[in-house]
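**Student:** As a plain string of letters, each chain reads:
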Amino acid sequence: MLRVNDLRFEYHPGEPVLSGINFEVPEGALCSLFGPNGCGKTTLFRCCLKFIKPQQGAVYMNGKPVDRLSVRQMARQVAYVPQEHQSPFPYLVKDVVLMGRTPHASPVFGIGRRDREKAWEALCLMELADIADRPFNHLSGGQRQLVLIARAIAQETRLMFLDEPTSALDFSNQVRIWRLIQRVSRQGITVLACTHNPNHVAWFCDQVVVMHQGAVFTQGQPGEVMSESVLDAIYSGMCAVRYLDGLPMVLPRGLVS
Amino acid sequence: MGQSKGETTGGENPYVYRGRLMWPLTLLLALAAAAAFAMSLGKYDIPPADVLRTLLTPIFSSADLSAAADLNHTVVWSLRLPRILMAMTVGAALAAAGAVFQGCFRNPLVEPYILGVSSGAAFGAALGILFPMFFSIQLFAFIFASLAVACTYGFGRVRGETPMLTLILAGVITGSVFSAMVSILKYLARDAALREVVFWLMGGFYYTTWEDVAWLLPMVGVCLAIMGKFSWQLNVLSLGDEEARSLGVHTEVYRLILIVLATLVTAAAVSTVGIIAWVGLMMPHATRMLVGPDHRLMLPSAAVMGGIFMIVCDTLARTMASAEIPIGIITSILGAPYLFYLLRTKTQTGLV
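Just so you know, the protein sequences line up as chains A and B, in that order. Basically my numbering = 1-based index in the first sequence + 14. Basically my numbering = 1-based index in the second sequence + 304.
FYI, nobody ran anything at the bench for these hints, they're computed from the structure. Given the structure is predicted, the values throughout are model-derived calculations rather than measurements. Keep in mind that the hints are not guaranteed to be accurate.
As the list claims (entries may be wrong) - Computed beta-carbon distance windows for the label pairs:
id : chain 1 : residue 1 : chain 2 : residue 2 : range
1  : A       : PRO50     : B       : ARG463    : 18 to 28 Å
2  : B       : VAL502    : A       : HIS152    : 43 to 53 Å
3  : A       : ARG82     : B       : GLY532    : 24 to 34 Å
4  : A       : SER120    : B       : LEU443    : 33 to 43 Å
5  : A       : GLY268    : B       : LEU647    : 50 to 60 Å
6  : A       : ASN213    : B       : GLU556    : 37 to 47 Å
7  : B       : MET624    : A       : HIS152    : 39 to 49 Å
Unchecked claim - If you want a taste of the chain B side facing chain A, the calculated C-beta under 8 Å gives, among others:
id : residue
8  : PRO318
9  : TYR319
10 : ARG410
11 : ASN411
12 : ASN539
13 : SER542
14 : GLU547
15 : SER550
16 : GLY552
17 : PRO597
Heads up, the beta-carbon is just placed ideally off N, CA and C, and yes, glycines get one too.
Modelling step: build the complete structure from the supplied sequences, incorporating the hints.
**Tutor:** Have a look at this one:
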């Protein structure tokens, strides 16, 4: 579904932020892009979304190189849920979700009835019907994230990218958002989510691409990949992994015997 | 699945916009009322009924050839109607330009004057007035207005972003440079031309003729229609570059189209009636409070509000004192405190 081939990106010549990136996300997977701060996750994300252009290599969505897709075609392939969104204008929740329909809107008539129906479905799916008429800026962090995910669902794409979906949320909201992301994934949408929380990877995802120092360190299923040896390598020996009912739990080393 | 969820939460489909056209229609009525009152008020008062009768004469050609009717006809058709149409057009143009600049720059505190666009247009137009043999006033107003937008945007952009206050400061810089250049022109100008430039710069509708209305009204109308066509894209643009791109809006293309249109109507307005500040700030903000921020509704409503506001201000300008007050003075006296109020109350909450 998503394939990245030998990608290389540098802001300054000779200092690659990313090099030799190769990975593939199979259709329908909930894949996380995991790694410590500054490992190049966000840069890779931005390359995949065509916000920045890599110096070498290519990104394929559905077998097509993204270079060949127009902005509109691209927006029909992949929906993007930003980490945070601050609008200078107090748009209502329903309008924010309706904006997800932009790539499907008719060039002549604009947003139409079908678009409003799809947006309403997305709102209902995220259980946001009650707050549809409230300004987005008045919502709590968790609600905002839900609205942005609803917007991505309204966009009706087969791929969804989420940038640190739970980084600003409390524990219950983190779990809630990840459960919803799992639900999205079960509907057949391929999900790529950036995160730096190893437990979220282990608990909620079915694939993981581990990045370290601008390269893919390893990839595979979280149960196998999120091992002490891998975490030791990328976090310089600060983590211990224990298993609870076969589920890995990542803890700071020295906390448990 | 979605449907059942909607029922359980008791939410009604919010996309059934009931009564969403109420405000625009009310505003249109208010515009008509403002125009009617403006036509009856002035040095020579004409009762509204007579105004209506006079306006209808070309259609019904009732042969009322009394002296009073003749005078009414002259006052309404040659003096007040073109002037009111001009005020409406200019108000609509400036308010819409303000709304578009605010959306494109994601900054609810900007408008053509604050961005320096008006000053740029004024410099171009002043060049045209002083050197009529070389320059076309309107063309040069547009060229220098575009230059001013480019400068302000260039100065205000820091690492791919345009922070709210940086953009305003960049506008102040651009505006003051162009104002200084206008001053140079004034310094160089001879008597008659100097008088003309100074008077025109203060902003006013005194010299409005049907010829001005005949080109400005259709031009602004077409530009506003195109802006309205792209009002949804303006919504998406105001979310920021990356989000807009990820939603399928080609940011460079649409931002360019919208900014060019806003600059064009600003330049047209400034080159015809001089600098009229703050309208583009006050009207979009007031409209947003009435109809909400969705530009599909807000942009046309702001244009109508601008028209009403300008007609009211112009009527005040002509009737308040024995001599006419330049309208730019009135809008500045109202607008500057408005910006102060916005800065004080809204910037902390991020909710302008």
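**Student:** Hints first: check each against the structure and report whether it holds.
**Tutor:** Each hint tested on the structure:
1. A/PRO50 / B/ARG463: 18 to 28 Å: About 24 Å separates the Cβ atoms of A/PRO50 and B/ARG463, which means 18 to 28 Å holds.
2. B/VAL502 / A/HIS152: 43 to 53 Å: Holds: the Cβ-Cβ distance is about 48 Å, inside 43 to 53 Å.
3. A/ARG82 / B/GLY532: 24 to 34 Å: holds, 33 Å
4. A/SER120 / B/LEU443: 33 to 43 Å: holds, 36 Å
5. A/GLY268 / B/LEU647: 50 to 60 Å: holds, 52 Å
6. A/ASN213 / B/GLU556: 37 to 47 Å: holds, 41 Å
7. B/MET624 / A/HIS152: 39 to 49 Å: holds, 42 Å
8. PRO318: Holds. Min distance 4 Å.
9. TYR319: holds, 4 Å
10. ARG410: holds, 5 Å
11. ASN411: holds, 6 Å
12. ASN539: holds, 6 Å
13. SER542: holds, 6 Å
14. GLU547: holds, 6 Å
15. SER550: This hint holds: B/SER550 lies near chain A, its Cβ roughly 4 Å from the closest one there, short of 8 Å.
16. GLY552: holds, 3 Å
17. PRO597: holds, 4 Å
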